[in-house]
Structure formats: structure tokens, C-alpha cells
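Build the full structure now, drawing on both the sequences and the hints.
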Amino acid sequence: PYPFDEDALGGLVSEDMDGDGRMLQMRVIDPNGPWKAHPDEPRLLVRRDPTERDGTYYRVLPEGRVDDYDGVTITPQPRKEGLDLNRNFPFEWRQEYQQYGAGPYPTSEPEVHALVEFIGRHRNITGGISFHTFSGVLLRPYGTKADDGMPPEDLWTFQKIGEKGTQVTGYPAVSVFHDFKYHPKEVITGVFDDWLYDHFGMYAWTVEIWSPQQQAGIKDYKFIDWFREHPLEDDLKLLKWSDEALGGKGYVDWYAFEHPQLGQVELGGWDSLYAWRNPPPQFLEKEIAPFADWLLWCLLISPHLELYEAKATPIGDGAYQVRLVVHNTGWLPTYLSQKALEKQATRGVVCEITLPNDAILKSGKTREVLGQLEGRAYTPPATSGWGLDGATSDRLKVEWVIHAPQGGEVSLIAKHDRAGVVRVKLDLA
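Using my numbering, the first residue of the sequence shown is number 670, and each one after it goes up by one.
No wet-lab data here; the hints were simulated from the structure.
Hints may be right or wrong, so weigh each one.
[Stated by the list, open to error] Here are the computed lysine-lysine pairs in the DSBU-like style, where the Cα-Cα straight-line distance is at most 30 Å:
1. Lys850 - Lys906
2. Lys705 - Lys888
3. Lys909 - Lys955
4. Lys1031 - Lys1066
5. Lys1031 - Lys1084
6. Lys888 - Lys918
7. Lys891 - Lys833
8. Lys891 - Lys909
9. Lys705 - Lys891
10. Lys850 - Lys749
11. Lys829 - Lys1012
12. Lys980 - Lys1031
13. Lys918 - Lys906
14. Lys888 - Lys854
15. Lys955 - Lys833
16. Lys909 - Lys705
17. Lys814 - Lys850
18. Lys850 - Lys888
19. Lys891 - Lys829
20. Lys814 - Lys854
21. Lys1034 - Lys1094
22. Lys891 - Lys850
23. Lys705 - Lys906
24. Lys1066 - Lys1094
25. Lys814 - Lys1012
26. Lys1034 - Lys980
27. Lys888 - Lys955
28. Lys1066 - Lys980
29. Lys888 - Lys833
[Unchecked claim] Across the chosen pairs, the derived CB separations fall in these ranges:
30. Gly688 - Asp912: 18 to 26 Å
31. Asn947 - Leu901: 19 to 27 Å
32. Ala925 - Pro759: 47 to 55 Å
33. Leu1010 - Lys814: 13 to 21 Å
34. Leu1010 - Arg763: 24 to 32 Å
35. Gly724 - Thr802: 33 to 41 Å
36. Ala925 - Phe673: 33 to 41 Å
37. Thr998 - Ser1032: 22 to 30 Å
Idealized CB from N, CA, C, for every residue including glycine.
Okay, here's the thing in C-alpha cells:
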């Protein structure tokens, strides 16, 4: 229970009152109620006109019991499940009075703490995607600031990854700040994808699975604003979808129920947990299947260190020039993002040489930290002459001179935390 262990005293507690396995809504006739039945579709409730009087009106409540009911006032009890793990991450975490569900302190919850610790200790991770429900959308950072607060190169890369996600899944890709705020004057903080991007410079996403609106053929709507205001036609489309696709199980026609505290009420309306919060079981596989391809694509764009050339050339008197050339064959640069460079989140390519017995290193270092390697993410769309200054910025060369009159085997390693390891052995003739 969060934020308090004790049960609240009094008020409306959500509960399956008739034991049918669902928690629907309760409608109660009330002359001052804000709802009325749709004139052509009586199952559907619509808002009462501002000056309308002398009709049948309803007050609508969540299905549940009313503890310590005084016969007049009904106040919903706070939910015991008030903690939101996706408000408990360190980035711009705020206390409960500013951010509902934040937890007592950043990473206070063992699930979040374990994830933060795991990612922090595994430097080879190059991105992250978390899955939630619902809305049918791919969400990207930031939740706290506009796109102009992000390095342009990172924004462009996010947009390219999002375009691929839309192509594969059909879900639009949007910024949380611009398109998914719960209130125009408020921001969302302490979330996973913002933390992963801002702390480590990784491209991170939150996927909101499932959209009844999209299933009902409602297009081009604003994800959060829709719940504040939308055309009545949308409700009729959703009702039709429930009847035809869900056999009427999504929107339940109102039926009489004798409530132990409120007396005669009606139960019905949307079975939100079944139809809205999750894909109904018969839709689940089809809804999530495309994401395997996008996740694999996101993995395959990671930086990838590979061998380009390795050789040892005799230069006389038992000496050899040893050369190692590696290149990044991945789409993303080895550092992943400009944010990662800003935060110094990862070091460059590390090259090491191990000499044969009795050999001497005459030039170079046994271990050297070199630079980052570019990928193809910033390649311009055409060879117009603009943006072609990268040349071989995806390659890196390191050379040593060793004295090994007895020959032997030299071992070379090139490694990068986010791009992998190259190992090669050379025989000195």
C-alpha cells in the first residue's frame, strides 16, 4: 500500500459489488447529475447541456461500496496502489506533492533499484524500451522539456528510429512533452526513458500498447486531450466496436442492482480493465507481434566493432611494425548520442597488445584509450556535396614497433564498452 499502510476511513472503495468478476460503473438518478442518456442510443451517457433542466439525469460513480455513508456525500478513497514505478527513476525525480506516485525517494522501490543498478553495471547496453498500456503510441524523451532542449543530432536520430517503429508497428512516434502531457501546465518526471537517455545517452522509448480508439476507426486524435474533449461520434464508434468486435463485453448495458448503501442503482458502462487497459485476449498476439521486428531492428543499429586489418611487418634486425585497424560497422556511433558525449558516459576504443616472451615494446603503449568511431546515422540523404566530411571517421588505426628476435605470437585486442571486442593473434615469422 502507498503512500500509507492504513485503510482510509470512509468513502467510496472500488469493488466488484455483484460478484460477476467485473468492476464497472454505477449510475444513480440525480436531478443535479451531469449526465443524461443519448437520445438515439440510451446505453450511452452524454453530457447534460449547460442550461438544460427538467430531464432524467445521472451521477456516475465507480462500482464499489461506500464506507461510513452519511446519506449525502460520497468521496472516493485514495487507491492503495498509488505507487508508480515509472515515476521513481532518478532523472528529475520530484516528491509526492509534485509528482503523484513518485515514491519516498528515487529508486526507493526494489524493482527500480535493481534495474538502475543492472544497467549501471552493464556498460554494453545500448538502448532500452519499456512496455506499458495503453494508447497505441511510441513515446520518446523528454517528458520535461521541449525538443529544442535536446541536441539536434539526437532528435534526428530519435525521429529516424521512431519512423521505423511506425512503419513496423503502425503506432505513431511522439515526444512526451509535446504530445503526451496529462495537463498542459504539468510535466512528467522520474521516468525510465528520460533517465536512460539523459544519464547514459541511450535511445530509450516507452511503448503504450493498445488503443480502443484506433480499433474503432478513430484517427488523428490527441492521445490525452481526447479524454477531455472529443466528438460524440467517437463514442458511438467505440460502442459499435464493442458490440461487433467484443460481443458487447466491452461496454455493458445498464442493469438494476440493489446497492447496500445507495439503494437502487444501475451497473454497466465500460469494462475498462478488459477493453481499455489491456488488449482483450483474442487481440493480444496480433497487437504485440510486430514489436519483435522493431526491437530486433533497434538492436541491429547498435555500434559494432569489427576487424578491418591486422598485420605484422618485419622492418629488420628482429623488429616488427604491428598494425591494427578496426571499424564500426553499426549504424549508430560507438558513443551512441551527443548526450552521451556531453555526459562522458562512455570512453573511446581501448587497444591492447600482448608481446611474446623476451620481446620488447619499442614504440607505442601496451594499453591505449583512443577515440570514438562514427557510424552511418548522420549520413546525408544524397551525395550533394553537403555533409560529406566524415571520410573514414568510422575507422581507427593503431601501430606499435616491437623487437622480437625470437619471433612468437603477438595478441591484439580492441574493445569498446558499447561496440564489442575484437581479438586477433599474429605469428611473427
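Here is how each hint holds up against the structure:
no. : hint                         : verdict
1   : Lys850 - Lys906              : 25 Å, holds
2   : Lys705 - Lys888              : 27 Å, holds
3   : Lys909 - Lys955              : 21 Å, holds
4   : Lys1031 - Lys1066            : 18 Å, holds
5   : Lys1031 - Lys1084            : 23 Å, holds
6   : Lys888 - Lys918              : 23 Å, holds
7   : Lys891 - Lys833              : 21 Å, holds
8   : Lys891 - Lys909              : 21 Å, holds
9   : Lys705 - Lys891              : 26 Å, holds
10  : Lys850 - Lys749              : 24 Å, holds
11  : Lys829 - Lys1012             : 23 Å, holds
12  : Lys980 - Lys1031             : 17 Å, holds
13  : Lys918 - Lys906              : 15 Å, holds
14  : Lys888 - Lys854              : 25 Å, holds
15  : Lys955 - Lys833              : 19 Å, holds
16  : Lys909 - Lys705              : 19 Å, holds
17  : Lys814 - Lys850              : 11 Å, holds
18  : Lys850 - Lys888              : 19 Å, holds
19  : Lys891 - Lys829              : 22 Å, holds
20  : Lys814 - Lys854              : 12 Å, holds
21  : Lys1034 - Lys1094            : 17 Å, holds
22  : Lys891 - Lys850              : 10 Å, holds
23  : Lys705 - Lys906              : 19 Å, holds
24  : Lys1066 - Lys1094            : 16 Å, holds
25  : Lys814 - Lys1012             : 18 Å, holds
26  : Lys1034 - Lys980             : 17 Å, holds
27  : Lys888 - Lys955              : 20 Å, holds
28  : Lys1066 - Lys980             : 12 Å, holds
29  : Lys888 - Lys833              : 20 Å, holds
30  : Gly688 - Asp912: 18 to 26 Å  : 25 Å, holds
31  : Asn947 - Leu901: 19 to 27 Å  : 26 Å, holds
32  : Ala925 - Pro759: 47 to 55 Å  : 51 Å, holds
33  : Leu1010 - Lys814: 13 to 21 Å : 19 Å, holds
34  : Leu1010 - Arg763: 24 to 32 Å : 28 Å, holds
35  : Gly724 - Thr802: 33 to 41 Å  : 37 Å, holds
36  : Ala925 - Phe673: 33 to 41 Å  : 36 Å, holds
37  : Thr998 - Ser1032: 22 to 30 Å : 29 Å, holds
Hint check: no violations occur; every hint is consistent with the structure.
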